[in-house]
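**Student:** First to last, the protein sequences are chains P and S.
Under the numbering used here, residues 1 to 339 are what the first sequence spells out, in order.
Under the numbering used here, residues 1 to 242 are what the second sequence spells out, in order.
Derived from the structure by calculation, the hints contain no laboratory data.
We treat Cβ as the ideally placed atom computed from N, Cα and C, and that holds for glycine.
Take the hints with a grain of salt, since some may be wrong.
[Claimed, not checked] Facing chain S, according to a computed beta carbon distance under 8 Å, are these residues of chain P, among others:
#1 Ser62
#2 Glu159
#3 Trp163
#4 Pro173
#5 Gly266
Spelled out, the chains give:
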Amino acid sequence: MIAAARVRPVREQTRMLIIDAKTDQFTDSTIVDLPQVLRPCDLLIVNDAATLPASFRAKSPSGASVEIRLVSHIGESDWKAVLMGEGTWRIPTELRGLPEFLKVGSRFEIAQEFSAEVIEVAAESNRLVSLRFSKRGSAMWSGIYAYGRPIQYSYLSDELRLWSVQTVYASRPWAVEMPSAGYPLIWKTLLELKRRGIRVAKLTHAAGLSSTGDDTLDSRLPFPEQFEIPSETIEAVALARRSGGRVIAVGTTVVRALEGSHARNGNLEAGKGCTDLVIDGRSQRQVVDGLLTGMHDPAQSHFRLLRAFADENLLRRAWRHAAASGYLCHEFGDVCLIV
Amino acid sequence: MNIHNATVLITGGSRGLGRELAKALAAEGASVVLVARDQEALNRTVDEICSNGGNAQPIVADIGDKNAIHSIAGQAAALAGPIDILIQNASTLGPVPLRLFLDTECEDFERALEVNLIGPFRLAKVLVGPMVLRGAGLVLSITSDASVQAYPEWGAYSVSKAALDHMNRLFATELQDTGVQFLSLDPGDMDTAMHAAALPDADRSKLQKPEDAARRILEIIRRAEAFPNGARLVASELEVLQ
C-alpha cells in the first residue's frame, strides 16, 4: 500500500474501508459516511491528546549533532527520550546514525538557555535515556514549544508543522506522535453524529513513538503509556451498554486505555493510569466493540491488535482490496472501521 | 458560569483590562493563563497574582502570529489543564496618532486584522473544539463601540472589531446546543494606555478604571447562561450590573 506522502488538506476526503467482522464483508466509503454507518446509541470514544513538538535538534558534549525524541513525561522536568545520531528526518528512522554513548550527567545543548541532562541510561539500549530539562514549569514548556518541532516522517514530502499534527479536538499535549485515527474527523461529522443520537466521548492517552530506530526497543513497542479516563466517559460507556449501543474506539490508543483500565481494575474506572497491555488475536475485549483506525500493514505491530476485532483472513483480504483500490496508509492516509 | 476552579485563558493579560480581569478571576479561585508579548509586564502581573495566593501562569506570545497558536494552546493546557473560559482581550489600534482609513497603510490594516480578528479566530479554532467535546465553555470577546459606530480615523480597529462580533455570532449559530457560549462585550471607555494612545487629550477623570470594568465583566461571566448565545453586550446598558 502506498503511504500518504502529504498532509491531507481536506480531512473529510479520507476514505474509510468498513470491515464487518460479523458478516465477513468489507465495503468502501468515506469518513463523512460515519454518522450513517454507526447506529443511534453507539458511542464513539476519541483520544483528545494534543501532539507535542517532541523532536529537538541538540549538540552533545563532543559537539556532535543529536536528535532527541521525547517518549513520555516522567514528571516535573524529567522525560524519557530516544536519541538519534547524525542525519535528518528524511532518512528513515532505522537507517539513522547511532548516537554516541553518553553517561549520566552528560548535557545536550538545545539552545543557549535551554539544555537537557542525561539522568539515566536504559540497560537495554543506550538510545533510551531519561533526561532533565534545564528549566521547570512554564519555562520548560516555553522551551519545548520554542525549540521543539513535531516528529517527522521520512516518507512525507514536506516538513510537518504543529498545525498539521493535531486532531480538531486536541487538548492537553500528551502525545509525542499524533493519535492519527482521529485526524480525518471534522466538526461537521462529529456534530452530525451527535444529531443522530451517537454520543462522542473522550479520554486522553499519551500516544507514544511508532519507531525508535533500534530493533531491541522497537520489539518492545508500544512502551507503557499514560492515560486518563474521565468519569463522564465511564458513564457514557454504561449508557451505551444499557441502550444496546456499541463502543467504538477511535484509534488503538483508545483501545489500549479502555482495555488497559479494565484489565488492571477488573472494570472500567475513571482516573489516571498507565498501560503496558498488548492486545492481539488472543485478547478478550471487555469494553470496546469496534475500532476506527488507520490502514495497518499485516507486517506492522498494529495489525496484531486488529486481530482482536476481526478474523485474520478477513483482515488480510480487506488489506489486499484496499491496496489494490488505492487506499493510502500511514499517519495522513485512509482509515478502516472494524465493527 | 462557575468561576471557582475554572481555567481561564486571557490574551493581552499583562496590562489594562486583561490584567485586572486576571487579578479578579484569580481572586475568585480561577486558574488563569495570561498571554502577552511583553515578558516583564507579564511576569509582574503573574507574580502579583501568585503573591496574593492566586494561580497564574505566563505565556509570552504574539496572538497575531499563526505559529504561536498551538504553542499557546499546548502550554496553557499543560500548565493549567483544558481551558473552560477563553477571554479574547488582546487588540491593537495600529499606529497612533490614528489616521483616516484612506491614509492607513495596507500592512497596518493587515496587522490589526491579524491581532484583533484572525488571531482570535485561530485561538478559537484550537480551543473551542475541546470545549465542544466536553459540552461546556465560554468565549468572551472584548469589543468596542467602534464596532458599530463609524468613528473617523478608527478604521482598522473598527472594522476588525465589527468582524470579531460577527465571528462570535457565527460560532454561536453553528455550535448551538453544544454547551459552548460566545459573547462579545463592550466594556466602555477605560483609563488605559491604549485609550491614552488613541485619545491623548481625553479627560481621564471621566473614564472608568479597568478594575471597575473587570468587576462588571466577572458578573457577566457568572451570569453568562442568561444571555443569548452570540449576544453583543454593552456593559453600561446592563443595569443589573451597575
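**Student:** It remains to establish, for every hint, whether it holds in the given structure.
**Tutor:** Cross-check of the supplied hints:
no., hint, result
1, Ser62, "violated (31 Å)"
2, Glu159, "violated (13 Å)"
3, Trp163, "holds (6 Å)"
4, Pro173, "holds (4 Å)"
5, Gly266, "violated (28 Å)"
The structure is inconsistent with the numbered hints 1, 2 and 5, although it conforms to all the rest.
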